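Q: Once you've looked at the hints, dock chain W against the given chain Z.
Chains Z and W, in that order, are what the protein sequence lines are.
Note that numbering that gives the first Met the number 0 gives residue 179 to position 180 of the first sequence, counting from 1, and the numbers run on in steps of one.
Note that numbering that gives the first Met the number 0 gives residue 234 to position 235 of the second sequence, counting from 1, and the numbers run on in steps of one.
Treat the hints with caution; some may be incorrect.
[Claimed, not checked] With a straight-line Cα cutoff of 30 Å, these simulated DSBU-like cross-link-like pairs (lysine-lysine) come out: (1) W:Lys31 to Z:Lys23; (2) W:Lys196 to Z:Lys23; (3) W:Lys196 to W:Lys236; (4) Z:Lys160 to Z:Lys131; (5) Z:Lys185 to Z:Lys160.
None of these hints come from the bench; they were simulated from the model.
Owing to the predicted nature of the structure, the values given are computational and were not obtained by experimental measurement.
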Amino acid sequence: MAHIFFYLSGFNLLLLTTAALGWKRSLASRWLCLAALFFSAIFSSSAAARALVWALENRYPDHGIESLPRAQAIVVLGGAYHAPGDSINPTDRLLYALQLYRVGRAPLVICTGGGLPNEANEAELMGRLLQKWGVPPAAILTEGRSLSTWENALFSSPVLKARGIRQILLVTSALHMPRAAAVFRKVGFEVIPAPTDFQKRGAPGGRLFPNAYDLEWSDQALREWVGLLVYRLRGWV
Amino acid sequence: METFLSGMAEVLLDPLNWSIFLLTAGILAWKKLRVSRCLCVAALLLLAVFSSPSGSAALLGALESRYPDVAIAALPRAQAIVVLGGALHAPGFQHENSGLIGSSDRILHALRLYRAGRAPVVMCSGGLGRTPEALVMSRLLQEWGVPSEALLLEDHSLNTRENALFSYSALNTRGMRHILLVTSAVHMPRAAAAFRKAGFDVTPAPADFRTGWGGQGGLIGWLPHASDLMWSERAVKECVGLLVYRLRGWI
Chain Z
0 MAHIFFYLSG FNLLLLTTAA LGWKRSLASR WLCLAALFFS AIFSSSAAAR ALVWALENRY
60 PDHGIESLPR AQAIVVLGGA YHAPGDSINP TDRLLYALQL YRVGRAPLVI CTGGGLPNEA
120 NEAELMGRLL QKWGVPPAAI LTEGRSLSTW ENALFSSPVL KARGIRQILL VTSALHMPRA
180 AAVFRKVGFE VIPAPTDFQK RGAPGGRLFP NAYDLEWSDQ ALREWVGLLV YRLRGWV
Chain W
0 METFLSGMAE VLLDPLNWSI FLLTAGILAW KKLRVSRCLC VAALLLLAVF SSPSGSAALL
60 GALESRYPDV AIAALPRAQA IVVLGGALHA PGFQHENSGL IGSSDRILHA LRLYRAGRAP
120 VVMCSGGLGR TPEALVMSRL LQEWGVPSEA LLLEDHSLNT RENALFSYSA LNTRGMRHIL
180 LVTSAVHMPR AAAAFRKAGF DVTPAPADFR TGWGGQGGLI GWLPHASDLM WSERAVKECV
240 GLLVYRLRGW I
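Pulled out of the complex, with its shape left as it was, chain Z reads as follows (with noise of 0.2 Å):
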């Protein structure tokens, strides 16, 4: 329950409806209604959601295939096979992955994710979707129980340690990366960050007017700053 105040509109929703159940404060009831239009619009807008994203998506800037070096392992991580509510494009990451595998920069794949309601694991799907696009399913390793980040790097250490893997090629959505590749790193991994699913590429010009899709945007970076900073509390990073 705690998780809907990182939610924008659910932080909205609990301003408005604590200043409709005090009404009779009215100078209270005010103030409160303001910030949540304060909040509506500000978050709403092309120019914050560019900002959050792009503060996340810029640690690890995309340099290309060719600039990334050879190593022991691709890494990929899920994030949700499909989940209705994310726009984050685990697929994305899924087809990075197989353009590093094509052009050799690893010849072992490792799919980490679990979790996917009434269905095969979701670690298991992407090595499926894998090999239906080609790799052999000798090059493909699957870690089908993290339901976390925390989890992906705890639960695929020992799978990746047992074959003598210490330097990987960590493929996630560049607003994940900071917080991916830190945690690969607290648990002894040498990583070499290969971001994809860049949200800002090529994106028209900002809309000057609030809009759904930028409140959605700022939501999405929000809760992965706040992400990292828990991560960083419990000394995960």
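A: Then chain W, alone, in the frame of chain Z:
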């Protein structure tokens, strides 16, 4: 004028903005306590409904249920598969490769249909972008193993109506009228109608479903979420798009 109108529509058809307008009005009308309160509560209710998973699922479901998911084996054979653009990030200054987005599921679905032998040809339709998206899509399909001689391009269209008209002139000269149409399920009602209007015999093969994946029931379904607000907006705009197409006689 057209640009101005669609710009206004962008703003006015966003449920987030309805809520912002109401809230602003409520704050401006502060002296009239009762009016103000009603406006603010209305803003609250609008935001609550449109940003809930249940709200967005109801709107999206109404559009997606028009053409439900069909198993590939149950689809008839056709002369061509037509897959619509709006399904990729094109390569740009910063990125050498195209990027998959949610609607890229369309491209994957077209590949599945082709592999299952449902049609011998895939036509990519879409002309937006510096490099037309039809070209970007066809490159990706080649990367995935579709031979280049099985790919056709229509790279001039800028909207759904043009997808239909330009695809028709390209395919009709080849004697192809029966198509499997691949686009996002939420877009299918308008797309299928536009392609039929252009003269095609259309078998819809929707992809990129947003509803029907489970896990949004009960109280969880009412927790607000910015992405649900975004999907509500998408559904509202699609409904208005259908209306506009009907009024203009495009479907």
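Q: Each hint: holds or not?
A: Consistency of the hints with the structure:
Between W:Lys31 and Z:Lys23 the alpha-carbon distance is near 14 Å, which keeps this suggested pair within the 30 Å criterion. For the suggested pair W:Lys196 and Z:Lys23, the alpha carbons sit about 58 Å apart, so the restraint of at most 30 Å is broken. For the hint linking W:Lys196 to W:Lys236, the alpha-carbon distance of about 21 Å falls within 30 Å, and the restraint holds. Only pairs whose Cα atoms come within 30 Å are accepted, and Z:Lys160 paired with Z:Lys131 is accepted, the gap being roughly 27 Å.
For the hint linking Z:Lys185 to Z:Lys160, the alpha-carbon distance of about 14 Å falls within 30 Å, and the restraint holds.
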